[in-house]
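**Student:** For this one, chain G is given, so just place chain V on it according to the hints.
Number of protein chains: 2
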Amino acid sequence: MKAYVYVAMKKSVLDPQGKTVQGALTKMGYKGVQDVRQGKYFEIALDPTLGREAAGAEVERMAREVLTNPVIEEFRFTIEE
Amino acid sequence: MKAYVYVAMKKSVLDPQGKTVQGALTKMGYKGVQDVRQGKYFEIALDPTLGREAAGAEVERMAREVLTNPVIEEFRFTIEE
Numbered sequence: 005m006k007a008y009v010y011v012a013m014k015k016s017v018l019d020p021q022g023k024t025v026q027g028a029l030t031k032m033g034y035k036g037v038q039d040v041r042q043g044k045y046f047e048i049a050l051d052p053t054l055g056r057e058a059a060g061a062e063v064e065r066m067a068r069e070v071l072t073n074p075v076i077e078e079f080r081f082t083i084e085e
Numbered sequence: 005m006k007a008y009v010y011v012a013m014k015k016s017v018l019d020p021q022g023k024t025v026q027g028a029l030t031k032m033g034y035k036g037v038q039d040v041r042q043g044k045y046f047e048i049a050l051d052p053t054l055g056r057e058a059a060g061a062e063v064e065r066m067a068r069e070v071l072t073n074p075v076i077e078e079f080r081f082t083i084e085e
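These protein sequences, in sequence, are chains G and V. Going from the first sequence to my numbering is simple: count from 1 and add 4. Going from the second sequence to my numbering is simple: count from 1 and add 4.
Calculated from the structure, these hints are not laboratory results.
Copies of the same chain look alike in the list, so a pair counts if it works inside one copy or between any two.
Distance condition first, Cα-Cα at most 30 Å in a straight line; then the derived DSSO-like pairs of lysine-lysine:
1) Lys35 x Lys14
2) Lys35 x Lys6
3) Lys6 x Lys31
Chain G extracted, bound-state conformation (with noise of 0.2 Å):
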């Protein structure tokens, strides 16, 4: 069983790193591109015995407590079999 935990800057919140990134592909001639945000991700293998119901709280759990700054970074995550 894997999850996905996907973390990146609130909306609200500058991403310097994401504009940086812009700036360069524009730069470099890449075209359409309006606006860039990074944010990081985490690819965690899980244990099968545990159940899904369980797993999604115990995700949530690492997400909301640990892999967040929930001062300036929002997070989703999805679970897989």
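**Tutor:** The following block gives chain V in isolation, referenced to the frame of chain G:
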């Protein structure tokens, strides 16, 4: 139109960042964590007048030539309306 580009270390490359997160989670008592790999992702807002096919080609070129280090990283991407 939005493109999501996910970049991660190749499976054959050691991921010390992920290992550190894994160690921390286990030490903090989270259950069922067998492996963690960390990657980054880019959320790219694209000019909607680009066709979907042109957008796909452009995003793949960006990912291959700029966003990824092909020696140690691999990428996948999705495009959403």
